[in-house]
Amino acid sequence: MNKNPVVIIGAGPAGLAAGYEFINRGIKPVILERSSIVGGISRTESYKDFHFDIGGHRFFSKNDDINKLWQEMLGPDFLQVSRLSRIYYQRKFFNYPLRPANALFNLGPVESFLILISYCRSRLAPQPEENNFEEWVINRFGERLYLTFFKTYTEKVWGIPCKEIRADWAAQRIKGLSLLVAVSNALFGGQQAKSLIEQFYYPKFGPGMMWQRFTDYIVAGGGEVMLNCEVSSVLHDNSKITTVEYRNGTNLKEISAENFISSMPISRLVKLLKPLPPAEILKSAEQLAYRAFIIVVLVIDKAALFPDQWLYVHSPAVQVGRIQNFKNWSRFMVPDQNKTSIGMEYFCNQNDRTWKMADNELVEMAALEMEEMGFSPASQVIDSYVVRQPHAYPVYDSTYKKNLLNIRKYLNNFNNLQTIGRSGMHRYNNMDHSMQTGILAAKNCCGEVHDLWAVNEEKSYLEERRPVKEIPAIPENVLIRAFARMDKFAFAVAFGSVCGLLVFSATIWIISRGGDIQNSHLRLLAQYFIGYAVTVKGAFIAFGYSFFWGFLFGWLFAYLRNLFMAIYIYRIKRKAELLSLKDFFDNF
Amino acid sequence: MVKTEMKDSPTPPEEKLFSGVLLLNAKVVGLALGVIFGLGIFVATNWLVIKGGPRVGPHLILLSQYFIGYKVTFLGSLIGAAYGFALGTICGALMGWIYNKVVAFRQ
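Going down the list, the sequences are from chains A and B.
Take the first sequence: its letter number 51 is residue 60 in the numbering used here, and every next letter is one higher.
Take the second sequence: its letter number 21 is residue 1014 in the numbering used here, and every next letter is one higher.
Hints are not guaranteed to be accurate.
Stated by the list, open to error - Derived DSSO-like pairs: lysine-lysine, alpha-carbon spacing no greater than 27 Å straight-line: (1) A/K497 <-> B/K1020; (2) A/K283 <-> A/K365; (3) A/K71 <-> A/K57; (4) A/K497 <-> B/K1064; (5) A/K213 <-> A/K249; (6) A/K71 <-> A/K584.
As the list claims (entries may be wrong) - Which bits of chain A does chain B cover? Going by a derived footprint, with three or more residues having C-beta under 8 Å, they are: (7) 65-76; (8) 518-528.
The set of hints was computed from the structure by calculation and includes no laboratory data.
All C-beta atoms in this analysis are idealised placements derived from N, C-alpha and C, irrespective of residue type, glycine included.
Isolated chain B (complex conformation) (with noise of 0.2 Å):
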């Protein structure tokens, strides 16, 4: 027959929840931000594109001076979006070594 080692019940560990820092996976961090960005780009165009008019798209336009290829249409819509996914990317995964590389050097 058996016997059980016997214990005193652990301390809860609460105190646990408030003592860490958070640590960002700048992967996921970028991955998450690069799809917003490809997205919110892929949605602006495909609005302005739907809502149609006489001139589309005056203000967005400017995007394609910095992503080359894009346009106020569908097909700049995925351009767009893959320029936004790109950058969104590379911004969101920077920003989360930036702080990670801040919060190692805190601590």
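Excised from the complex, chain A in its bound form (with noise of 0.2 Å):
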């Protein structure tokens, strides 16, 4: 047995990256890929020539050196897309991000104004405990709006209700809240900012398409990318990984190797593992929890059902969470313009029952609804796939940071294991963020030091319009300086002592110049200051009004400046809050 020097399980976005970076090292990795194609969730499938992505994959990146490598691997086989995405609601679209004015039209002036009514209403009376997503969502955005945006669609994405759903769990998923960033952005904008892109890249033929290239080039390398490789054990001696077994069709093998990277699902890696961890490490396992989703492919006899790339589904009435139209992703997606194929995408949990109706009740069911939404009548289905990806999205529950933790602590005890891409670390990973994380295992095993886990942070790896500009983090204590609250009665203490001072100065300088005092314009003050003549006794009396006055200004002055100050951070806190719910439904 040749032990290699590097052995990646997982042939997706992470598992490539990290073989890149091998090959570029002159280091000849071996992937292990389950699958029969490359890509992992963001792959491309082909039925037909008819090419489909599963979930929909917008290639775009904060990051450079990764926006700079896709664009080397596929040169003008990139395409860049202008994004339209809008929700499916009451059989009507509404933009997405919301529009008033959109929203006003589609819903409706009563519904509008209702909705506004509720809004005020849990601004100014809201629950006084947040204990779940919808109490969260309702204290932000009112009862109605959380009806109408938020309850069908995320308990669809998630298939429990939202009470059911921790409220810390929704503050950590809309990111971007933290006031001192959302202050520090709106003062200075750029690096922190977070909303949606308007426009991505795509592959011509898809995703697949940069995967496969990556492949291509690691081959080309002399690395080595093994398809149809099921890992079924890892072997290892307590401190470090030894040997890694896999079935490739009904061979069980086994390779070795002095570096391990894995992308595949972390519990599953775990339980993986021989000798077994200890059981709490696997009750960890156990309870990190995978959603799936299911893509029922749709070729319609039809050259346009509607211009968005993809479509979130509101409505109650239909089970489908999210519609993809491939042939607006890129217009290679298709063989024949004169046809459509669409992604009717299912959220479900492995082994539910939507996860174990057949592939034709499936199809059935995809095509009534697509009828029932008025897209097309289901005799047009003229044929239809079915793809089921099990380990889609990590579930962010309650306990997963602590299994979480907890198995990172334990796999630290291999040295030369390390884990990297979506579910190989149970975070919410976009394509770039995977990437990353291989690449800089890979620097890893070449002696660099990174951390993985501060990829896709929240300061570094946000998506955003505007073009990337470096912008020079403001050190939090200078924000806090910046927004303390004036002391108001020292304010008009300081103010008021100046505005004394320079009265009583000003009658003092006047009696000590000598010449014609009473006719001193400075006498005028006595229309105001009742008692005040320009003598040493009405400096003093001077003083005494001026201190009065100058106190009263100074205290209104500071009062209101900390009452901007608020409602300016108040403002900037909301906007954060709505620019943050913008990615909310993409980051399913």
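Need the complex rebuilt from these two chains, each delivered in its own frame; the hints are there to steer you.
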């Protein structure tokens, strides 16, 4: 048995990016892929020359290196696409993110007014406790808006009532709510701004084309990408991974290496370890949950259905959660422009009722729902294909953090093992984040020091609309100092004192200069300061009056300054919440 | 190969934003107020100079009671600006100093 320098489990974006990095460093990796095609969850499946994406993958990254790499790989085959994705609700299309005029028009003035009333009510009298997602959203957007745009879709995605989703999950999922970040962003723009991208790149024939190019590059460099190789055991000696056993068809094979990088679901990795980890680690792995989904691809004998790349379906009447229109991503995704292929996406759990439905039942359901939504009669469906995707979304439930930490601590015992990618790290990594983890893992194997878990942390890896510009981070203490409240009393005293001293000094100055003191214009102050005269006694009286009025104005100034600052901060926070919500549905 | 330390993510520091009390930088406040005063006098004087008329700045000239050498002329505007700057700086710095002292005392 030969010992390879590195074995990578999984030929998704993370694994392939790691392989790419190894090749560039003159190391020949072996990549084991369970499936018959590369790309993992961002692969492109094909059926009778119709190509379809598993969930819709936009290529957009804040990371210049990743962008460059994608461009290098695909060149002219990397198409720029203007994004259009809307919410389908009550047989109407709502702009996403919501635009007031469009929402008002679609919902009608009465419903819009009721939403506004509901919003005001929740802002004025919020629920005192936010224990679940429902309460969390209602407190921020009002009950009617929640019922219209949040409840159904969120429940479709997660399969549980919103009341059972913890509020802290919502706060965590809706990133960018750090007030300091929001304030910093409002002041200086750029780096931390989170918003939807309006344009993205997409490979001519779907994301799989990208991953195939990576595969070709690795193979050309002497690496191996072995398809249909499902890892069955990961053998270790408690400090190192020694061997990986895998099935290739009916053959059971094994491979050993110096280093191992895994992008398979971390919970699965734990269960495949031999000897088995302690019971509590296995229990943690058992409790890490993933949401699965099914794509029912319908080929329709119609040139166009809707102009969007994808639709979020919020209507509770249908089970479908999202609809992909593949030819709107790239016209090359369909072989015949007179036909349309759509992907009806059903979120489910592995082995639940939907998951277990037969393909023909799924197709029938999807066709009927499509008809019900008014896109096309079911009779126009001329072909179909079903893809089941397990482990599609790591579930951020109330225990996942603790469980993940337990597993990470345990896996840290193996000094030649790194986990990468979305499933490998049980984290909502996008393609670029996953690739980044793979590249960094490869670099770590070569002696560099990188923290893979720092990738996709709030500050560095966000999508944004504007061109990326590097803005130095604003130190927290500077922001805190800038927005600290003004001490009203202190400012009132200071302002009053200075005013008093000014008038006092002016009076004394006139007196000291002599001349026609009584006709000095300063005497006009007596119109306001009763008892004032241009005398020494008058100077003290003027001081008293000026101090009093200065104190009042100073206090009022400080009060208003604090009030406006609070309003400003509140607005920034609200804006940040809204901005974050724009990405909310995208992240599923 | 490197293993990284695992930490729970820190709690968001929003509360910090509201916990602090603003302290003024007396020098900066003084400088700002000085510039405002100086510019104010400079602009006000030259505005009247440009407007012209039989009696230029009958009220503004009263400043000369305090700012020796000041006149409602272009040269006077420069002198006034210098006085205004000095006065503003002193007032601003004094205000900042008193404010900080009171804040320190109250804390």
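Okay, the hints, checked on the actual structure:
1. With a C-alpha separation of about 20 Å, the suggested pairing of A/K497 with B/K1020 holds against the 27 Å cut-off.
2. Distance hint between A/K283 and A/K365 is unfulfilled; the C-alpha atoms sit about 31 Å from each other, more than 27 Å.
3. A C-alpha spacing of about 35 Å is found between A/K71 and A/K57, which places the hinted pair above 27 Å, so the restraint is violated.
4. Between the alpha carbons of A/K497 and B/K1064 the distance comes to roughly 39 Å, so the proposed pair goes past 27 Å and is violated.
5. Of the supplied pair hints, the one linking A/K213 and A/K249 is violated, its CA atoms being roughly 42 Å apart against a limit of 27 Å.
6. With a C-alpha separation of about 21 Å, the suggested pair A/K71 and A/K584 falls inside the 27 Å cut-off, and the hint holds.
7. Against chain B, the region 65-76 of chain A contributes 0 residues with a C-beta closer than 8 Å to a partner C-beta. That does not satisfy the three-residue criterion, and the hint is violated.
8. Here the region 518-528 of chain A counts 3 residues with a CB under 8 Å from a CB of chain B, which clears the bar of 3, and the coverage holds.
When held up to the earlier numbered hints, the structure conflicts with 2, 3, 4, 5, 7 and fits the remainder.
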